[in-house]
Structures are given as C-alpha cells and as structure tokens.
Amino acid sequence: MTRSLNRTHSPAPSRATRWIILGAVGLLFALPLVSMVEFTLRGGLEGGYTIDRWVTVFTGQLGPEFRQLWLAIGNSLLLAAVTVAIMLVLLVPTMILVQLSFPRLRHGLEFICLLPITIPAIVLVVGLAPVYSVVSRMFGSGVWTLAFAYGVLVLPYAYRAIQANLDSIDVKTLSEAARSLGAGWGTVLFRVLIPNLRRGILAASFIAVAVVLGEFTVASLLNRVNLQTALLIVNKADPYIAVIFALLSLLFAFVLLVVIGRVGSVSRKVRS
Amino acid sequence: MTNSIPVAPAIATAEGSGATVELVGVVKSFAGHRALNAIDLAIKPGEFVALLGPSGCGKTTALRALSGLEGIDDGSILIDGADVAAVPTNKRDIGMVFQSYSLFPHMTVQENVEFGLRMRRVAPGERRGRAAEALDMVGLAHLGKRFAHQLSGGQQQRVALARALVTRPRVLLLDEPLSALDAKVRVQLRDEIRRIQTELGITTVFVTHDQEEALAVADRVAVMREGVIEQIGTPEELYTTPATAFVADFVGLSNRVAGEVVGGKALVHGVALELLGEPQPDGPVTVYIRPEDVALASEGIPATVIASSFLGSLRRTRVRLADDSFISIQHDVDLKPQAGESVHVRLKGAPVSAVPR
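Going line by line, the protein sequences match chains F and A. Take the first sequence: its position 52, counting from 1, is numbered 52 in this note's numbering, and each next residue is one higher. Take the second sequence: its position 250, counting from 1, is numbered 522 in this note's numbering, and each next residue is one higher.
One chain only, chain F, in its complex shape (with noise of 0.2 Å):
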C-alpha cells in the first residue's frame, strides 16, 4: 500500500519511449527522402555516387528538354499566388462576417470548407470539368485559372488555420470597440482584426502554397502544366532530375512550414 502510495505517476511517456516513438517516425519519414537523395547521386552504369547532375541543375546546364520544367515552377508560382489571393480575398472576410454577424451560419460554412477533403481530386475533377468548360469561355484556358480549382482544394487547411485564430480573439467587442471609437468597417478589418488574424492568415496562406506545389491530379486531368504534371515528363528523360526537383519543392514546402512556426514564435517572443 506504502509502496503504491510512493510510487510517482508521470503522466508523460519516459525519455526512452520518446526516443523510439521520435526514431520510428523519424526513419518512416526519413527513409523516402534518403532513398531519394541516394538516387540522384547514383552513378548511373559505371556505379558509384556523383553530384554532377545537383551542380548541372544549380548552375544552370540543364538542356532544353527541361524548358518545360522551368515553365511549370513559373507556372506552379503563378497558381499559388492567385490561389492564395482567392483565398485571402474571398475566405477571411467571409469567415469574419459569419463570425461577426451571422454565427449561426459557423457551422454550415465550416461543412462547406472541409467538404473538399473528403471528396477523391479524381471526382471533384469530373465535377470541375464541365465548370471548366464555362470559366474557359469567360477567362480563357490560361494555367491561372486552375486557381479557381486550387481555391476550393485549399479550404479546408486554410479554414482551419484561419478559424483557430479567429476563435483566440474577441472579433466583436474589438470590432465594436474600433466602432465605437469612430472607425468605418475598412478600418476595423484592416487595422483591428486582419492585424490580430497575421498568423492564422501566414498559416492558411503557407498551407494553400504547400499544397498548390504538390497538386497533381486536377491539373493532369484538366490539362494544365505545373510543376508536378511537369516532373512526370521530366522524370521519362531523366528520372534523376526529376527526383532532385521532387526533393527541392519538398524542401521548399518545409521551408515553408518552418517560417509558420518561426514568424508565430518569433511574435510572442517580440510581445512579451
């Protein structure tokens, strides 16, 4: 009984268990992309390992065969700038009027923006395909509009990381404080509230950047060129190149995904 009573409970898994638990995730992670970075140093016939082709892509020798992959990072840029914009534009001020005026409606809109992951890319573009027919006529067949799609794809991230943030701060009394205090709506949403939503909006917009890059299946089958669609090609003449680009937008994601951590961080940090 004595020796029950004593007996300390940590509720935290010991620094082994961490370790293994940490190790175990680590090598399923690893494991990929060190396989990947072994590839592209493979000596090809002769055998043996060489950073030839990482100094051809760095310094620019690549031939022109590999055009194409430099029209798809451009256009991959290009989707994931108007993509987030669509975002930005249409999705935080949304979610701030549900918030602030109809929260009734939170429920509803939150459906709506998660709706997107639980349905296959492979489905959602056969119901993009005919929408496609109609944005072609209106906007033209430039890669851009695959924004419209990538818009949708990006909800249900972008919500999330939007919503946490709007749900640590009083939207309405600092709205109607900055009401009260003479500010027309324009200053409330660009002076009071997107200022206090900066990391919700950095997280949503790094996310919908994370997965513009990534994004394969509706661009294939809608017949547009980005970086993924382009690396299928490259990787037919050579696999190599192909795998050192796969691993550079992989770490430009991570990068990415750093910077969340960071500019939150680095914040708190500056405020306290």
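The set of hints was computed from the structure by calculation and includes no laboratory data. Any given hint could be a false lead.
[Said to hold, decoys possible] Derived DEER-like restraints, expressed as beta-carbon distance ranges:
id, chain 1, residue 1, chain 2, residue 2, range
1, A, E398, F, V131, 39 to 45 Å
2, F, F102, A, R392, 27 to 33 Å
3, A, D355, F, W185, 18 to 24 Å
4, F, A81, A, P360, 33 to 39 Å
5, A, R306, F, F111, 30 to 36 Å
6, A, P396, F, V25, 49 to 55 Å
[Said to hold, decoys possible] Covered stretches of chain A, going by a simulated chain F footprint (3 or more residues, C-beta under 8 Å):
id, region
7, 387–393
8, 434–446
[What the hints assert, rightly or not] Just some of the chain F residues that point at chain A, by a computed CB distance under 8 Å:
id, residue
9, I169
10, D170
11, L174
12, A177
13, T187
14, P195
15, N196
Even for Gly, the Cβ is constructed at its ideal location relative to N, Cα and C.
Could you slot chain A onto chain F? The hints should help.
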C-alpha cells in the same frame, strides 16, 4: 496591480459639456421577443445614470441601442435633441467601455488610446499629448509602451476608460465594465470612474446588474425588468420608496411576508403599516419589509433564531416565525443571538410595498 490611483488633471472639458440623451418609445425585438418595450428615458447633461436589472431585462440592449451597435425597431434616440437612431456607431461621437477586455492586442497602450484620435485625424503631436494626458488621468501614464496582455484586468479597463474619454465624446457608455474584476479592484475602479465623470461632467450611462455598484455611483438609477423601466430615481428614492414590488425586492434586501390590506394599510402580524405607491384594495398581499425595518425586542412577535451572520459593521439574523415564515433582521453587532434561541421581533413601522397574493 496598481492599487492607489494618483489624482491627476483630467482631460480639459468645459464644465457641463455633457449632452442630453433621450430614449423615446424605443422598441427592440429579437426573434419575436421584445427586449425593449417602448422605453422612455431622459438624461440631463453631465448626469450619471445607471441601468440596473437582472439578466435579460434589456439594460445592455438599451445601451447598445444608444451606441448604435444595435438597431431599433421603433422610437427615437436623441442626443442633444438630434435623432441619431439612423446614425452609425462610428459617427455618434460616443465613448464606450465594454464588459470584456477590449484593448487591441497588437497595439501598445499608447497606440490604443491614440486610436480614436487617429480616426478623427488629429495631428500626431496633439494625439500623443492628449493620449498621455488621458493615461495620466487614469494613473497609467508610465505604462504607455506595454501591450494589453502585460496589464492586469483593472489596468486594462482603466486604459479602456482613457481610450473612451480621450476623444472627448458627448456621451460615455459603460457596459458592465467592472464585472470581470475582483472585488477590491472593482470598488477602486468604480470610485475612479465616478471621480473622472464628475471632473469631466460627461453624460454617462452605466449598465450593471450589481445594485450596490449602481447605488454607489449613479446620480439616478433606472431599474429595468422585461424590457421596461420599472422605476427611475435617485438611489435613496429607489431604496426608501420603491414604486413596485419588483423594485423593492431587487434593490436592497427585502423580507417577503404574508399580510392583508385593510383600509389602505398593510396588516402584518397585527401591526398596521403604511403602504408605498398606489392605494390597494382590501385583500391578502405579500408585503416587502427591509431587514433594517425589523428589530429584535423584548416583546412582540415570537420567533426562533435560525442563524446569525457577522457582516462587519452590522449583524444579520434570520428567524422563523410561528407560521413557519422567515424574516431577516439587521441589527447591532453587539447583539449576538444564538441559533435555536427564542426571541421576539418588532416591526419598526416603516412604510412598505405590497402586491396582491
């Protein structure tokens, strides 16, 4: 954190610069429920009026209607004689302090206080000076560079008060600004608000459900119930001559005792008491008697002590009468009746409110 507030020069305003405020037949409904049922309220320039009532009585709705944060369905809201019912909040020239902390988290205290002046396009130099003056007035001039999360609740509400006053608004609206604070800070800030309001002479409407708070600070108190003002008067009037049983019950403590109206007087345990308010027909009534209008005596109505509580400057004793009804008696601390002790109770004969049973 800051317990003593140095009295500093207030923002320069002309004496009696407050505005007249009138609510005339104001109606506001939410989903078929009338939150404000044609209320009328006239406030004189520089007056401090408290809206007091239980939750859901419409006091906050009235304040929000006055601020423009809530539209009204009918009636008019006049500030200095001009109907502002259709004027948006940001054009009404009001200052408001909210129940929940409302400082902008991304701005420093100084920036928060300057915000209203910035909206009015006041030049930066004057803006800084006036903000510093307002912060000085609430005793927080030294905290201008801090952010809201670095302040205590009381300090945040002081900054909110400075922010509301710095624009020299025509009307100051206070929506339960003390309810989130602990008891000691609450009393300090309550007195501070009253001091500043008196110095500035600004017309002030203060919403609270705490009767002690309302009676302590307001020139007049409007007691609200179910969307109507039951009575408006000075704290003394409300306490000594409540117009309705609800006011008698809500403002201060009251014993509810069975009685009978006979010939225009309330008969309670054989004692005839004057009736307050409208004359009532003969019949059984519930009579409201203040604990201080009842005394322990050597002879009178026999009773048994249930409990006795020491409340600092006075003692309150609860007794059971022969008919199994209960009465609270407020008396001197020197008298220390024990639970179970047989005592006698005497009604002092003060006028009472009554409602038919």
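- Task: Quick one: which hint numbers does this structure break? Sort them smallest to largest.
- Result: 1
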